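Asks: Sequential numbering of the sequence shown, starting at 88, is according to this note's numbering.
Hints were generated in silico from the structure; no laboratory data involved. From a predicted model like this one, the values you see are computed outputs, not experimental measurements. Glycine included, each C-beta is placed from N, C-alpha and C at the ideal position. Treat the hints with caution; some may be incorrect.
Unchecked claim - Beta-carbon label-pair distances, calculated as ranges:
1. Val-116 / Ser-142: 24 to 30 Å
2. Ile-182 / Thr-96: 29 to 35 Å
3. Gln-127 / His-94: 19 to 25 Å
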Amino acid sequence: MSRCLHHNTLGCIAQCPGQCCLHLYFGNVGLRLLPHELQQWRGIVAERCAYHAVSVVDATARCLSLPGPVANQVFLFSLEELFLLHDLLVSAALILEVESILAQPSNWQSGAQ
88 MSRCLHHNTL GCIAQCPGQC CLHLYFGNVG LRLLPHELQQ WRGIVAERCA
138 YHAVSVVDAT ARCLSLPGPV ANQVFLFSLE ELFLLHDLLV SAALILEVES
188 ILAQPSNWQS GAQ
């Protein structure tokens with residue numbers, strides 16, 4: 088069973104049981120992301136949010152697009168949805184990074200004994 092890392096009103100992001108990939112669900116779409124793809128999407132979404140946040144008149148209009156996983160496919164978002172997608176990606180990345188740090192043996196504890 089997948090482990091939910093984070094969810095919001097747009098969707099959720101979960102880690103597969105084997106921890107090899109992430110499942111990103113937003114709206115009616117689901118994507119399987121490898122760890123490096125999570126970082127790529129996070130960067131793309133962050134750039135789009137920063138660029139469009141100052142110029143979009145209606146934050147609920149679906150006028151922003153992101154490339155899909157295959158040629159000639161795009162995902163349409165409102166600015167609000169794009170921010171929620173960004174929240175999913177950033178939160179998952181932070182949780183995975185913290186878990187990675189906590190899983191490493193601590194050098195300061197072994198030196199203190």
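Asks: Going through the earlier hints one by one, which of them does the structure break, listed in rising order?
Replies: Number 2 only.
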